[in-house]
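Novice: Here is what each chain is made of, one letter per residue.
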Amino acid sequence: EPEVTQTPSHQVTQMGQEVILRCVPISNHLYFYWYRQILGQKVEFLVSFYNNEISEKSEIFDDQFSVERPDGSNFTLKIRSTKLEDSAMYFCASSGSRYNEQFFGPGTRLTVL
Amino acid sequence: GDSVTQMEGPVTLSEEAFLTINCTYTATGYPSLFWYVQYPGEGLQLLLKATKADDKGSNKGFEATYRKETTSFHLEKGSVQVSDSAVYFCARQLQGGSEKLVFGKGTKLTVNP
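Chain order of the listed sequences is U and F.
Under the numbering used here, the residue at position 13 of the first sequence is numbered 20, and the numbers go up by one with no gaps.
Under the numbering used here, the residue at position 30 of the second sequence is numbered 478, and the numbers go up by one with no gaps.
Worth flagging that the hints you see were computed from the coordinates, not collected in a lab.
Here a beta-carbon is modelled for each residue, glycine too, at the ideal position from N, C-alpha and C.
Please note that a few of the clues may not be correct.
[Unchecked claim] These stretches of chain U come out as covered by chain F in the derived footprint (C-beta under 8 Å, 3 or more residues): (1) 34-42; (2) 48-55; (3) 99-108; (4) 112-118.
[What the hints assert, rightly or not] Cut-off 25 Å, straight-line C-alpha distance, at most; resulting in silico cross-link-like pairs (BS3-like, lysine-lysine): (5) Lys508(F) - Lys556(F); (6) Lys49(U) - Lys85(U); (7) Lys497(F) - Lys516(F); (8) Lys508(F) - Lys553(F); (9) Lys553(F) - Lys90(U); (10) Lys516(F) - Lys500(F); (11) Lys497(F) - Lys508(F); (12) Lys553(F) - Lys497(F); (13) Lys90(U) - Lys49(U); (14) Lys49(U) - Lys497(F); (15) Lys49(U) - Lys553(F); (16) Lys49(U) - Lys556(F); (17) Lys556(F) - Lys504(F); (18) Lys504(F) - Lys553(F); (19) Lys64(U) - Lys553(F); (20) Lys90(U) - Lys504(F); (21) Lys497(F) - Lys556(F); (22) Lys516(F) - Lys553(F).
Required output: the full structure, derived from the provided sequences and hints.
Specialist: Written out as structure tokens, the structure reads:
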């Protein structure tokens, strides 16, 4: 059964460093998403991406964040200069059409020290 | 603003007990409603969904009915198993508007043999 994969499973970084979180969505999907969950809090929407551009982003998704689909299979989330409050579990999701089920990856736990 | 509120956990039950996890929502328009489940070490998986009032979603013995009058989508199962131990997330999505999912905080369920 096709699934969304994410790497790494756990990333530890120093404050101010850049991190790139990687996702491989399901191959025939067209809509891609990033969500995050700070420990003990809700899963929050960050950004949606379709047709090689951002279709929606939340207030959390400021200029420090960017997304890219560099090669037609990977979907990445970059945080340019990490802050302590960026520590969270980051989930990637993909969907075959706009209001269909979103399939989630297992998440990347980001720890900023 | 639009939100999803679900019952605080953790919930601990014995095998074969009855399960209810409450979920209420606020939303403008007519949302679709979902329950996602996260088993240990895995991503979020769609458990069931309902797209309009009075619809009942069901899967793996779990059920939830979309109640517009009480803005609720409570998850129920008549007889839980140890393998149902997981974190359960209620979520909503506005049809015809943003496709982002808005999640509740999650409820951790532990079922003891």
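Novice: Determine which of the earlier numbered hints do not hold for this structure and return their numbers in increasing order.
Specialist: Violated hint (a single one): 20; every other hint is consistent with the structure.
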